[in-house]
Amino acid sequence: MYLKSFVKFAAAAALGTMMSTTAMAGPDDDSLIIAWGSTGPIEHVDNYVNTNRTGIWFSRMVWDQLIYREPKTFEYKPLLAESWEQLSDTVWQFKLRQGVKFHNGEAFDADDVAFTLNWISNPDNGVKVQRNVNWIKEARKVDQFTVDLEMKRPFPQAFEFLSGPITIYPNEYYAEVGPDGMHKQPIGTGPMKVVSIKTAEEYVFEKNEDYNWGSPKGEAQVSRMVVREIADVQTQIAELLAGGIDVTADISADHVDQIGGVPGFTALQAGTMRTGYIGFDAANRSGHEPVNKLKVRQAMAHAIDRESLVKNLIRGDAGVIHTPCFPTQFGCSVDAAVKYSFDPEKAKALLAEAGYPDGFEIEFYTFRPADWAEAIMGDLAKVGIKATLTKMPYFALRDKQRNEGTTPMFLMDWGSYSMNDMSAITSHFFKKGPDDFALDDDVAGWLEAGDTNSDPDVRKANYAKAIEKITGEVYWLPMFNHVRNYGYREELNFIPYQDEIPRFWQYGWKS
Amino acid sequence: MTDATLMPLRGQQTAEEILEPSPMSKLRKRIFKNYSFLIGALILGLIIFIALMAPVFEYLGWIHDPLDQDTSRRLLNPFWYDKKVDPEFVLGTDKVGRDYLSRLVYGAQISLLIGFSTMLISGFIGTVLGVTAGYFGGRVDMVVNFIINARLAMPVFLVAMAAVVAFGASLWVVILVLGLFLWDRFAVVMRSITMQARDLDYVKAARALGCSTPYIIVREIFPNVLSSLTVVATVEMANAILLEAALSFLGFGVQPPTPNWGLMLNEGREYMLFLPWTVALPGACLFVLVLAINLFGDGLRDVTLERER
Amino acid sequence: MLVYTLKRSFVAFLILIVVSALTFSLSHLAGDPALTIGGEQASDEDIEAIRLLYGFDRPLYVQYADWGWRALQGDFGESYHYRQPVATMIGERIGRTMLLGFLAIMFALVISIPMGTLAAMRPNSLIDRFALLVAVFGQALPTFWFALMMMIVFGIWWRMLPISGHDTWAHYVMPTIALGYYATPALMRLTRAGMIEVLGSDYIRTARAKGLSPTSVLFKHALRNAIIPVVALAAVWFGFMLGGSIVIETIFNLKGMGWLSYDALLRSDLPVVQAIVLIFASFYVVLTLLADLLNAYLDPRISVR
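Residue numbers (my numbering), protein chains in the order written: chain L, 1 to 511; chain F, 1 to 309; chain Y, 1 to 305.
If you're looking for bench data, these hints aren't it; they were derived computationally from the structure.
Since we're looking at a predicted model, the values are computed, not measured.
Fair warning: there could be bad hints in the mix.
To be verified - Within a straight-line C-alpha distance of at most 30 Å, the following computed DSSO-like cross-link-like pairs (lysine-lysine) qualify:
1) L:Lys346 x L:Lys293
2) L:Lys339 x L:Lys293
3) L:Lys311 x F:Lys83
4) L:Lys465 x L:Lys431
5) F:Lys84 x L:Lys382
6) F:Lys84 x L:Lys311
7) L:Lys217 x L:Lys72
Just chain L, same shape as in the assembly:
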C-alpha cells in the first residue's frame, strides 16, 4: 500500500516536472514562482508602514540600504554608501555610490538619502516601528554624493538599522505619491522591479537590468518572478509537487524528508536566529502561585528535554539555546548563561523543595503550531506538572499578555528583526517595556548601560551580567533557534541564510 501510493506519487511528480517545464514556470522561460505566506500576507509593502517581518523579503528585492551586512559573517560592507567615517560621537559621514538608478529612471544621490532619513525620523510621518528610526536626529546633504547623519545620542547599533530596516527611497517620487503610492507601485534601486501587486494574493517582479554596478547583493538570476501568498502548508506542498510553484519555505521538518524523497525535488533545513523561549510570569502580575517561585521555574528548566525536542521535532541545524538571545548577536555570551541540564529527578526534588511534591496545574500559551508545546507539556507531565494549552492568534495572545497579564507561562519566539545585536531581543523584553514580565531593576539597568554605551567592552560586560541574572532566575527558559525548511525543484540554485532574510533574487536555474 505504502509502496504503491509512493510509486504513483513519484510517477505523478515526475510527470509533473515534465509538464510544468513546458506549461508553467521554469528554466525555459527563465521565470520562477515562489510560495510564501504561512506567516500571513504583507499588509503594506512600504517598509515604513508594515510592522511585521513578513515584508522583509519584499523590501530586500526592491530597495537597497546604505550598508550591506554580509549574511554569513555579519560584516558591514558598502552598498549604496561606498565608504563612511565617524566625524564625532554622534555624526557619521557617508560617501555615496555614483551611477545608481531608481526603477523609474531617477538618479540616486545625496538628496534621496537625506530626504529618506529626514522623512522617516520625523515622528509626524508616522513610521510604524519608531524604534528603527527614533535615534536619527537629522541628515544633511554635504555635496551631491556625501551625506552627514547626526544621531540623537551615541548609538552603537546604528549600522544594524542602516543595513536592515532603513531602505532608501527616491525623494521626488515618494514626496509625490507617499506611502500609499509606494504600496501601489514601489520604486527602489534594488535587484528586482515590481510589475504588479495584488495584496495578499501575488506579487510579480521582473529583473532590474540596471542593477549592474557591482552590488554585493548580486544581480537577479531570473528575468521574471511571481511570489504567491498561500497560507496552507499542505497546499503549498501540493502546488510544488503539482508543478504550480518552484519553491516553498514554510514546510516542516518532516516534509523535508518526504519532499526530498520525491524525484525531481530537493529539500533542506537551515537554522535561523529566531530564538524560541518559554516565558514565565515571574513578576507575578497574574497571581499564579507556582511560577513566581524560583525553584519551580528551575524545576521546569530541568524537566524539559530540549535536546530531544530539537533532535526529533525541529531537527536541521537547530540547537538548544541557553541564552536569552541568539549566540551570534553582539553581547550574547554563552559563557555568562546559567545552563540547565535535562534531569527529571532533580526537577522533582526542586518541586518538592518548593512545596509541590505532587506537581500542580498551570495554563500554557502559544501561537505556534501546537506540536512543540505538546512535546513540552509531555515532559512537564512526567514530573507531575499538568499544563493545559491555549493556542491563540499572535495578536490576541500579545494582547492578553500585555493588557491582562494572565499568561503564567508561554512558548514564544523572537526574530530580533534580523539584527545581530543583543539589544534587539534582550533589551526589548527585559527593560520594563510592555513585554517585560520579569520587571527586574538590576537587569533593566545593565541592559540600559549596554545599549547606550559605545565602548564594546563596557557593553559586553553589562550584557553578560544581565544574561547571568535572567538565566539564573529563569525569567525565560531559552529553548532553541528556529529552523526554516525549504522544498524546491532540484534544478534550482537555492541559497538559504541564517538571518532569516530570504533573498529571492539570488535564486536561479542551474544551466
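Since chain L is already given, all that's left is putting chains F and Y on it; use the hints.
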C-alpha cells in the same frame, strides 16, 4: 418540516387506530421493518459503547493512554504498511508519537460529548422559545419569530469563529457557542407543533378547568412534541458534530492535546500528501458517526411519526 | 400589499441592526484593537495614541452607532491590518465568492432535481433507494474532508485540476463540488417529496387522462410545480453557502470573502469581520424578504394577516 406536522397527536386518534392491536406491537413491527433505524442504532450504540468503555480498554491494555507521547516513535504507519510499523500501535502514531487508535477511541468520547451537550443546550433554548411562542401566540410569537429570524440571519460558522477568538478556544466554549447558535430548528418545529396542540380539545378543557399555564405546557403540550423533539435533536447533534469538527479543523475549536477528530484532521492535514491515513482515519470516523446518527434520526422519524401516505 | 412590504422591510432592517450590534460587541471582546493596529513593536505610548485616534476610548454603543451610520453609507472603515478601505477589499473578492456560491448551488440543483424526479417517479424502486443512499451518505460526509480527498486524487495523483487559486474556470471545479454536494441531499428530498405530491394530484391525473405524453406531463406540468419550493430552498441554501465558503476557500486558497474573513479573524482585523458578517446577514435577509414577498404576492391572504 412537513413530516413533523403530520405526526399523530394525542387525542386525535381515529377509531381504527384505537381498535388496532396494541401500539407497542405496531411500533415493534415498524422498528424491525426499518433498516436504517436498526443499522443507525447499531452503529451508534457501538460507538457509544466504545467511547464509554475507553478507560476500561485502556486499563485492560488494549489501547494506550491517548496523551502518552514519545517523540522517538512519531509518525509510525498503520499495520497495513510495510515500513515503520509497530504492532503496539495498530493504527500508527501521530506527530508527537501518540497512539492513533487511542486518540480515535477517545475522540469518539469528545465528539459525542460535544454533540450531546450542544444538543441539550440548543434543545433547551429552542424548545423554550418555540413552545412559548406557539402557546401564547400574538406579540410573544412575534418577538420569538424576530429572534429566530435574527439568529438565522447570522452566518453561524463565521460568528462562531469570532466567538471562539473572543472567549478563547476550549471544549466548553465550543459547546456553549454551538449550543447558543443551533437552536433555530428546535424553535421552528416546536412552535408549529405547539400551535396545533394548543387548540386540541383536552388542552382547551384543561385551560377551562383553570389549570396553571406551566402545568398545561409541561403536562399536556410537552408530551405531544416529544417525538418531534427527538427527531430534531438527532439532526442537530449530527450538525453540531460536523460544525465542531470544521471549527477544530481550522484551529478555532478544541485545542491540543485533547484527542479530537477535527483536531486530528487539522494536525494530519500537514502530512496528508505523504501519509494519507493521517486524514483518512479521523475523517472516516467522523463520517461513520454522523452517518449513524443520520440513519438513526431518519429511522426514528419513520418509526415514531406516521409515514406519508 | 404596500403596507406589508414596508412592514417586512422594516423588520428585515431591524434584524440587520440586531445582528450587526451583536457581532460588533462580540468582536470587541476579541482583544484590544489598538494593539492589533500598533503591531509587533509598538510601545505603550503608540498604543495609547492609536486608541485616541480611532476613538476606542469611547463607550461601545457610541462606537457602534458611528460604525453603523458609516456602514449605511457603504463605508466599512479601514482594515487594521492592510490599511485599506474594507469596502475595497471586499469589493475585490465578493465576485469570487458569489461565483463560487452560484456555481455550487447550480451544481447542487443539477444533481438533485433529476435524481429527486427519478426517485419520485418510482417510489421505493432501486433508483429511489439509491438516491436516498446518496442523500444519507452525502449528508454525513464532512465538507472539508471531502475537499482534501479531492485535492489528493484530482490535484496530485491524476493532475486533472489546479489545486489553489482562482485564475481560471478550472480552479472553481473542486471548490464548487465540495461546497455544492452538501446541499444536494436536502434539495433532492424536497424535489422527491414535491414530485410525489404533484404526481398524485388531480390535475396531473387529468392531464394524463387527456392523453398527454408522459414526458410532457412530467416536464410541462409536474416538474414546473414541484420545482418552485426547491428553488426557494436553493435561495436560502445560497445564503448558507456563502458562510460555508470559509472552509472551502481556505482549503483551496481561493481568495474570496470566506478566505478574507478567516484571514481577518486570525489577525483580529475587526472591521473586516464585522463587514463580512453584515454582508452575509444582509444576503440572507434580502433573500428571505424576497421569498416572503413572493409568497405574499402569490397568496394575498398572508399580507392581510
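field: Given hint lysine 431 of chain L paired with lysine 465 of chain L - CA-CA distance at most 30 Å
entry: Holds. Lysine 465 of chain L to lysine 431 of chain L sits at ~14 Å (cutoff 30 Å).
query: Do the alpha carbons of lysine 339 of chain L and lysine 293 of chain L lie within 30 Å of each other, as the hint requires?
result: Judged against 30 Å, a Cα distance of about 18 Å means the pair holds.
message: Given the hinted pair lysine 346 of chain L and lysine 293 of chain L, is their Cα-Cα distance within 30 Å?
response: It holds: about 16 Å lies between the C-alpha atoms, which stays within 30 Å.
- prompt: Holds or violated: lysine 217 of chain L with lysine 72 of chain L, Cα cutoff 30 Å?
  reply: holds, 13 Å
- prompt: Taking 30 Å as the top limit, are the C-alpha atoms of lysine 84 of chain F and lysine 382 of chain L close enough?
  reply: holds, 26 Å
query: Does lysine 84 of chain F pair with lysine 311 of chain L here, judged by a C-alpha cut-off of 30 Å?
result: holds, 19 Å
- prompt: For the pair supplied as a hint, lysine 311 of chain L and lysine 83 of chain F, is the alpha-carbon distance within the 30 Å limit?
  reply: holds, 22 Å
Violated hints: none; the structure is consistent with every hint.
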